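Number of protein chains: 2
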Amino acid sequence: MHLHFLPLLSRVAVCGGTHGNEMSGIYLVKELLKARKKVMEDEEEKPVSVMLVLSNPRAVQQCRRYIDTDLNRCFTHATLSGPMSDTTPYEIIRSRELNTMLGPKGSPGAVDLVCDLHNTTANMGLCLISYSDCDWICLHIFRHLQRQMPDVPLRYIHFDVSNKESYSLDSVGKHGFAMEIGPQPHGVVRSNVYTAMKAGVQHMLDWVSFFNSGNVSEGGFVDVFTMVKRFDYPRDSETHDITAAVHPQLQDRDFCLLHPEDPLFQTFSGETLRYKGKEPLYPFFINECAYYEKGIALSLARKRRVMIPIHKMGRGN
Amino acid sequence: MHLHFLPLLSRVAVCGGTHGNEMSGIYLVKELLKARKKVMEDEEEKPVSVMLVLSNPRAVQQCRRYIDTDLNRCFTHATLSGPMSDTTPYEIIRSRELNTMLGPKGSPGAVDLVCDLHNTTANMGLCLISYSDCDWICLHIFRHLQRQMPDVPLRYIHFDVSNKESYSLDSVGKHGFAMEIGPQPHGVVRSNVYTAMKAGVQHMLDWVSFFNSGNVSEGGFVDVFTMVKRFDYPRDSETHDITAAVHPQLQDRDFCLLHPEDPLFQTFSGETLRYKGKEPLYPFFINECAYYEKGIALSLARKRRVMIPIHKMGRGN
Numbered sequence: 001m002h003l004h005f006l007p008l009l010s011r012v013a014v015c016g017g018t019h020g021n022e023m024s025g026i027y028l029v030k031e032l033l034k035a036r037k038k039v040m041e042d043e044e045e046k047p048v049s050v051m052l053v054l055s056n057p058r059a060v061q062q063c064r065r066y067i068d069t070d071l072n073r074c075f076t077h078a079t080l081s082g083p084m085s086d087t088t089p090y091e092i093i094r095s096r097e098l099n100t101m102l103g104p105k106g107s108p109g110a111v112d113l114v115c116d117l118h119n120t121t122a123n124m125g126l127c128l129i130s131y132s133d134c135d136w137i138c139l140h141i142f143r144h145l146q147r148q149m150p151d152v153p154l155r156y157i158h159f160d161v162s163n164k165e166s167y168s169l170d171s172v173g174k175h176g177f178a179m180e181i182g183p184q185p186h187g188v189v190r191s192n193v194y195t196a197m198k199a200g201v202q203h204m205l206d207w208v209s210f211f212n213s214g215n216v217s218e219g220g221f222v223d224v225f226t227m228v229k230r231f232d233y234p235r236d237s238e239t240h241d242i243t244a245a246v247h248p249q250l251q252d253r254d255f256c257l258l259h260p261e262d263p264l265f266q267t268f269s270g271e272t273l274r275y276k277g278k279e280p281l282y283p284f285f286i287n288e289c290a291y292y293e294k295g296i297a298l299s300l301a302r303k304r305r306v307m308i309p310i311h312k313m314g315r316g317n
Numbered sequence: 001m002h003l004h005f006l007p008l009l010s011r012v013a014v015c016g017g018t019h020g021n022e023m024s025g026i027y028l029v030k031e032l033l034k035a036r037k038k039v040m041e042d043e044e045e046k047p048v049s050v051m052l053v054l055s056n057p058r059a060v061q062q063c064r065r066y067i068d069t070d071l072n073r074c075f076t077h078a079t080l081s082g083p084m085s086d087t088t089p090y091e092i093i094r095s096r097e098l099n100t101m102l103g104p105k106g107s108p109g110a111v112d113l114v115c116d117l118h119n120t121t122a123n124m125g126l127c128l129i130s131y132s133d134c135d136w137i138c139l140h141i142f143r144h145l146q147r148q149m150p151d152v153p154l155r156y157i158h159f160d161v162s163n164k165e166s167y168s169l170d171s172v173g174k175h176g177f178a179m180e181i182g183p184q185p186h187g188v189v190r191s192n193v194y195t196a197m198k199a200g201v202q203h204m205l206d207w208v209s210f211f212n213s214g215n216v217s218e219g220g221f222v223d224v225f226t227m228v229k230r231f232d233y234p235r236d237s238e239t240h241d242i243t244a245a246v247h248p249q250l251q252d253r254d255f256c257l258l259h260p261e262d263p264l265f266q267t268f269s270g271e272t273l274r275y276k277g278k279e280p281l282y283p284f285f286i287n288e289c290a291y292y293e294k295g296i297a298l299s300l301a302r303k304r305r306v307m308i309p310i311h312k313m314g315r316g317n
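Chains A and B supply the protein sequences, listed in that same order. 1 is the number of the first residue of the first sequence in full-length UniProt numbering; add one for each residue after it. 1 is the number of the first residue of the second sequence in full-length UniProt numbering; add one for each residue after it.
Please note: incorrect hints may appear among the correct ones.
Derived DSS-like pairs: lysine-lysine, alpha-carbon spacing no greater than 30 angstroms straight-line [as the list claims (entries may be wrong)]:
#1 B:Lys229 to B:Lys164
#2 A:Lys198 to A:Lys276
#3 B:Lys198 to A:Lys276
#4 A:Lys198 to B:Lys198
#5 A:Lys294 to B:Lys34
#6 B:Lys198 to B:Lys174
#7 A:Lys303 to A:Lys276
#8 A:Lys30 to B:Lys174
#9 A:Lys164 to A:Lys37
#10 A:Lys276 to B:Lys34
#11 A:Lys276 to B:Lys229
#12 A:Lys278 to A:Lys303
#13 B:Lys294 to A:Lys30
#14 A:Lys229 to A:Lys164
#15 B:Lys164 to A:Lys198
Computed Cβ-Cβ distance ranges for the label pairs, DEER-style [claimed, not checked]:
#16 A:Gln148 to B:Arg73: 40 to 48 angstroms
#17 B:Gly214 to A:Lys229: 56 to 64 angstroms
#18 B:Thr88 to A:Arg64: 18 to 26 angstroms
#19 A:Ser269 to B:Pro89: 30 to 38 angstroms
#20 B:Asp232 to A:Gly82: 38 to 46 angstroms
#21 B:Lys164 to A:Gly82: 56 to 64 angstroms
#22 B:Ser85 to A:Ile67: 51 to 59 angstroms
Which residues of chain B face chain A? A few of them, derived with a C-beta cut under 8 angstroms, are [said to hold, decoys possible]:
#23 Tyr27
#24 Glu31
#25 Pro185
#26 His186
#27 Ser191
#28 Asn192
#29 Tyr194
#30 Ala245
#31 His247
#32 Pro248
#33 Gln251
#34 Ser269
#35 Cys289
#36 Tyr291
#37 Gly295
By construction, these hints were calculated from the structure, which means they are not laboratory data. Given the structure is predicted, the values throughout are model-derived calculations rather than measurements. We put the beta carbon where it would ideally sit given N, CA and C, even for glycine.
Chain A extracted, bound-state conformation (with noise of 0.2 angstroms):
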């Protein structure tokens, strides 16, 4: 296999809390905030500059998703510089502030990675959440954490959406990924769920200095979840209100492949609804507490093997 070669990755970003209850995140950039202040007090070398960010802290403080509207679909670029007003939701100008503060959004001065840190309600284990198949930053990253953390069920999951439409905080980095865990409420801290996520951020940081510092990061095949689709809950067509619940055989089944016919929601009166498409998907962020009001039961996805190349840093390509 040839070599190929990536840039440096000197300044990162690690982000929890934006959404302001998904607790792991908030416990766990407060705790790297802590124990930087006791690193800083020993005066020890830093290899990467890595910044500790509180996205939405207004949210955090009241336990809630957002305040006005959700901070994780404000940084499109044309929210991102849309017009302002006295009315503008708070997320929207906190929005702001974070891109002047990691990008601006697709500019050299932007930071090169940005893990954002969320929970899911779902059985999903841990996942990468990314714009790009072939972001491969974002995949030797994956491949290191697979490795690392053989007991926990890692899968990497790309959302198929131009640049233009990518609207997340980690798109404001050169590379970007949310790294989503569960299951786990909203507004609860689960300790193997943070402890999780506290591995997952140390294996991701190991990784950086371990490439910025030269090494090679072997290629191979991962699988990736391309989202090609999602279902809304039956709904009442006079009050909206959902008429029906996941169906107890799929519920936490998340990345166990759906087929036709498999059932999909169970109604409030008992009658089992079930899936009509035609082609076996993959089934994830089944019944996510926040999704509700958006519309959202359920994603599927189509799997396929990808190969990353080997690389190294430097200035090759």
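Starting from the structure of chain A, add chain B where the hints point.
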């Protein structure tokens, strides 16, 4: 054994949405209202009057526990008869409406039985929570549910609080209990939890009909868990932030005996904190989402066996 008598239960209330983000009770009450509409169109006779109540409609609409204050703490005699003004919290106003509808609390006009539906993020199975360990109506219903639902873990929890201090909606009825089911994240419906609650309510109403028809309800022994102690999370003295999560070895182990020196918390830096009590006790409400703000990480109970006498509807005592 002697046969004892208990009065007819002619008016029963089933309440959901006392907490606006505990979804099973909300969708169950809505579903029962729909079914009733159909039944009424069929002009069926009703042996017992069942009121179906959505307790906190504004909180339900916003999918929040409450708007201004926790409705399920507003039913003390003091709060129900306190002064009112323009700034009275919504839930205090609503508690009086409910007291008029279902009470007045402590009066002969109060409904005979209130069953208030709740969810918890804790792994508690189905619990009946009551202020009395000798309310035979509640205990007979509990025993009936235990027999009818052998696959669901069922417990009876006793909060040893005087009638004067009792604060929850179910205290408005002559008899009353909360039906608490978990684990389920707040804001989420899990089909299995919904189905268990639906079965629990149906079996409860079946028992009431059976009892009202003059049948003998057999006595027997049941375990009662009486709450004796609560622990808060360890917190930072300045920020009041929690500094530890429930220990992974304790998480999800509700009603498994906790012994002195067993792990209680794991700090965010990785340290284990242990249970320093002298007496082994039964933990429950472990890591309940809504109790972070109340300063409760878990509750502890003593278990004892209670003998339920044989009862029959009548005027005996």
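So, going through the hints one by one against the coordinates:
no.: 1; hint: B:Lys229 to B:Lys164; result: 20 angstroms, holds
no.: 2; hint: A:Lys198 to A:Lys276; result: 40 angstroms, violated
no.: 3; hint: B:Lys198 to A:Lys276; result: 28 angstroms, holds
no.: 4; hint: A:Lys198 to B:Lys198; result: 40 angstroms, violated
no.: 5; hint: A:Lys294 to B:Lys34; result: 26 angstroms, holds
no.: 6; hint: B:Lys198 to B:Lys174; result: 23 angstroms, holds
no.: 7; hint: A:Lys303 to A:Lys276; result: 19 angstroms, holds
no.: 8; hint: A:Lys30 to B:Lys174; result: 49 angstroms, violated
no.: 9; hint: A:Lys164 to A:Lys37; result: 38 angstroms, violated
no.: 10; hint: A:Lys276 to B:Lys34; result: 28 angstroms, holds
no.: 11; hint: A:Lys276 to B:Lys229; result: 52 angstroms, violated
no.: 12; hint: A:Lys278 to A:Lys303; result: 16 angstroms, holds
no.: 13; hint: B:Lys294 to A:Lys30; result: 22 angstroms, holds
no.: 14; hint: A:Lys229 to A:Lys164; result: 20 angstroms, holds
no.: 15; hint: B:Lys164 to A:Lys198; result: 47 angstroms, violated
no.: 16; hint: A:Gln148 to B:Arg73: 40 to 48 angstroms; result: 47 angstroms, holds
no.: 17; hint: B:Gly214 to A:Lys229: 56 to 64 angstroms; result: 57 angstroms, holds
no.: 18; hint: B:Thr88 to A:Arg64: 18 to 26 angstroms; result: 24 angstroms, holds
no.: 19; hint: A:Ser269 to B:Pro89: 30 to 38 angstroms; result: 36 angstroms, holds
no.: 20; hint: B:Asp232 to A:Gly82: 38 to 46 angstroms; result: 44 angstroms, holds
no.: 21; hint: B:Lys164 to A:Gly82: 56 to 64 angstroms; result: 57 angstroms, holds
no.: 22; hint: B:Ser85 to A:Ile67: 51 to 59 angstroms; result: 28 angstroms, violated
no.: 23; hint: Tyr27; result: 5 angstroms, holds
no.: 24; hint: Glu31; result: 4 angstroms, holds
no.: 25; hint: Pro185; result: 3 angstroms, holds
no.: 26; hint: His186; result: 7 angstroms, holds
no.: 27; hint: Ser191; result: 4 angstroms, holds
no.: 28; hint: Asn192; result: 5 angstroms, holds
no.: 29; hint: Tyr194; result: 6 angstroms, holds
no.: 30; hint: Ala245; result: 4 angstroms, holds
no.: 31; hint: His247; result: 6 angstroms, holds
no.: 32; hint: Pro248; result: 5 angstroms, holds
no.: 33; hint: Gln251; result: 6 angstroms, holds
no.: 34; hint: Ser269; result: 7 angstroms, holds
no.: 35; hint: Cys289; result: 4 angstroms, holds
no.: 36; hint: Tyr291; result: 10 angstroms, violated
no.: 37; hint: Gly295; result: 14 angstroms, violated
The structure fails to meet hints 2, 4, 8, 9, 11, 15, 22, 36 and 37 from the earlier list, while all remaining hints are met.
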